[in-house]
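Novice: This is what each chain is made of:
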Amino acid sequence: MIVPLTDKLKNQGFKVINASDGEEGVEKALAVHPDLVVLDIIMPKMDGMTAMKKIREDEDWGKDVPIVMLTNLSDPEKISEAAKYNVFDFLVKTDWKLDDVVDFIKQKLEMGFINLSS
Amino acid sequence: MNKEKQDFKNKDQKTKERKKFTVSLSDKILIIISSSLSLVVVGVVFIAGFNVEQILMVGGSIYTLGFILTFGVSRSFSQRMASLTKQIELMAAGDLSSRLNVDSHDEIGELVQAVNDLTKKLETGVSLEVSKHRGISRAKTDFVNIASHQLRTPLSIIKWYLDYLISGDAGSVNEEQKKYLIEAYKGNERLIELVNGLLDVSRIDLGTFSIEPEPVDISLIVERAIEKFGNLINKNNLTIRKEIEKMPKINLDPRLAEISFEHIISNSIKYTPLGGVIKISIKKDKKNALIEISDTGCGIPLEQQPKIFTKLFRAENARKMESVGTGLGLYVVKAIMDKSGGKVWFKSPSPALCVEEKIIDPKKSKKDISLGTSFYLSIPLQGMKGRAGTKKLTSFK
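As they're listed, the protein sequences go chains V and B.
Numbers 1 to 118, taken from my numbering, label the letters of the first sequence in order.
Numbers 1001 to 1397, taken from my numbering, label the letters of the second sequence in order.
Hints were generated in silico from the structure; no laboratory data involved.
Hints are supplied without guarantee of correctness; some may be wrong.
Cβ-Cβ distance ranges computed for the label pairs, FRET-style [to be verified]:
1) B:L1128 x V:W61: 52 to 58 Å
2) B:G1386 x V:I2: 23 to 29 Å
3) V:E24 x B:N1237: 40 to 46 Å
4) B:Q1305 x V:I42: 40 to 46 Å
5) B:Q1177 x V:M1: 38 to 44 Å
Ideal Cβ placement from N, Cα and C applies to all residues, glycine included.
Bound conformation, chain B alone (with noise of 0.2 Å):
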């Protein structure tokens, strides 16, 4: 502080100096003037006595000389003025670096030294906001890094101990015990699961995950994603109605869209009642691919829409309805569409149909597929943008 203090009090100094010495542009002007009117007036003695023509001539020369005077110091001035402009706009979008050119001590020269001393302490203060930025966003993703490891390290010890003793190899459990250690390692699962969704959205946030385009079969993906939840679509006696056309291979990130397929498949399976349909098609037109994921579950309340996409966001009847659920599936599946140039929308056309437990309003017939909720992805046949991250996505079902 007292260092800039010092140094504006040098430069002050130094201005008063140089004031000094410097012919300054007003004085120029006063020059002219005063010069021109001396003139007019040595012009009107010397020419006394002289015909009005011969003072209509020098009259009419003072004029030109006046006028070729101004002229030329007002050009000079606009045309610096000009230049001048012109660099400081240049600075303006961003070329902090650059240095206007002091080329005369007057006071437009004065200006410009302000003007430079001006840009140099904001390119100081930018790049410490960029290096600060930077240091933050290394922070962040060292906390992800660190955090993710220091978390997943016990979650994967509970894993494999509860495993190992429900297995019975550590010793037979019997059926009670056995209830509460299945518990147990769901509970542990679910952690897993949320610590996996955290991990994603948090190398979504940094930009860090990767996309790795290959030429793929859309439909392969898509059924190896609805077989993960062959035990659950048994269990809940769900139909798959599957409409399949056949497609070309599209170059896709195969592991982001499966993260994504299975989200939507997820969420419509859990949000389903027993016994009801959930409707898979593929389709193209000219320029996209559309998977289409339609069900007769819940639907989503109209209110709560817009906040779908939304990180850790659950609707109130998902949540009544299924405890289970990070609020972190369909804001992957949207980063990743975002990020690789496709595009995911839904219709949820009725009020939320179920309130409670898994059952749905009878009036409404649980087979009609126009009530539920229809997810669409659309992905361009010619492909996912490719991206290049240090990280990738993980969060399986």
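Same shape as in the complex, but just chain V (with noise of 0.2 Å):
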């Protein structure tokens, strides 16, 4: 799942780390401190919603970040919790063509980038 995703964004000239499981992934964007995190709900050791708790409360770049959640399924409970999180961007796959997830990233920078330059 994560491959084509990565190659995409690669092939857009993103640069991409990439973790197999929650505990990697928060350990890494802990360490390197991307401009934008997306994180699958369902992850081996560290499910998506934990990972995105972990990240939200590094004080310095954590709370802030963009973080776009990928599912399978629209849970209203999950979406209103991240919600409290200032997390508001769940993707449904099934739903999803690649390339429109990448839009979507490149969008969600763009409107960062905006943010911090006004």
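Since each chain sits alone in its own frame, please combine them into the complex, following the hints.
Specialist: Spelled out as structure tokens, the structure:
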């Protein structure tokens, strides 16, 4: 699942750091401080919701970094819980084409840069 | 089982013992009759030699005494019966938790005790049934959640990998390979649509889907639904004729309204032959907004019209014309309308015109809208009825 999305993003010129489970993801994210984090809800070792909370605990970078959640189910409970952590983007994977996900990520990043520059 | 038998034995024993010490109702009546008789006999003996007037007086007194006694007994009897009937009626209406008062140890008292025992058994049985039903319902919901997740995970993996291959990002593919990959991608999309549709159906059947109305411009939702099929409309050279009346904002769940419009518009597009016309009109009367979607399509065979809103049903001519289709769309639309206070119906006056492929009988004018199918959706201007639920419907095209 991670391979096609990573390659697509790399082909578009993004620098992408991969992790194969939630724990590794949080560890790498806290070390590298990327401009945006994409999290799957179901992951080995640590699920996406927990990973999101861990990232938000980081006062310097994590509390504001844009987070996009990937999911297979639109679960209202998880969506409302994530909203408390300022995460509003849930993409149901079966509804999204890869190119559209890449466009969405681009848009989020551009919005972030606009916010920073303004 | 043995415990029940033992209980029954104990109860039987108690009843017998109680009988020894209690004076039953029939005993009371017997006592009354016998005491009256003995009074009469004693009276007759006692009054022997008295004149007729005195005999009549004594007889009258005895009669009055008997009448008062009988009246008293029957009155208390009928009062108890009336109050019991009232209490039993309450129980029959569903209040199985209440019990009758056992105020005596006569036959009525025993009857009351028996009714109480019966109610207790009924109550236990009903609560068992209810908890069993709840259990089944919960199991169904869990199954739907697990199944949908388990089904969607591999489907999304297939989707993204095929997408990745088709786009050539993983290395170039020749035209023939690409053609096959696209077919596989389309097949997977159909499967996703079916899983989404089945999920919606289970949410409808379990009653777990929510309706969240908000003020919405209905024409925008219709436009958005039409836009989604832009490519197909162009490909099939269809004309979309719109007649949209200005409308105030209505409290609608935009998602559910869009799902409903999409399903009906998608059907019109799928079953209208090349070069046909689809008319979409939005009007309002005093109470409702009326959305009409008519086409110059194949019509629905008369004998199959009653089944058109049932789950997984597809009309025979539709199946021949278009192999793709889940047979869930109209069921979902009907359920949305039923639960939100709207209505959906259709007219398809002509017998099925198209037999195979997208070819229409040349004698019939393909521009004649009255020969095709018209679907109508009516939504109250005061809005959809809201409804709390744990899930949202998902079956977007």
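Novice: Each hint should be assessed against the structure and marked as holding or not.
Specialist: Structure-based check of all given hints:
Take B:L1128 and V:W61: their Cβ atoms lie about 57 Å apart, and the range 52 to 58 Å holds. Between B:G1386 and V:I2, the C-beta spacing of about 40 Å breaks the proposed range 23 to 29 Å. Hint check: V:E24 to B:N1237, Cβ distance near 53 Å, so the stated range 40 to 46 Å is violated. In this structure the supplied range 40 to 46 Å holds for B:Q1305 paired with V:I42, their Cβ-Cβ distance being about 44 Å.
Under the hint 38 to 44 Å, the C-beta atoms of B:Q1177 and V:M1, about 22 Å apart, miss the expected range.
Violated hints for the displayed structure, listed by number in ascending order: 2, 3, 5.
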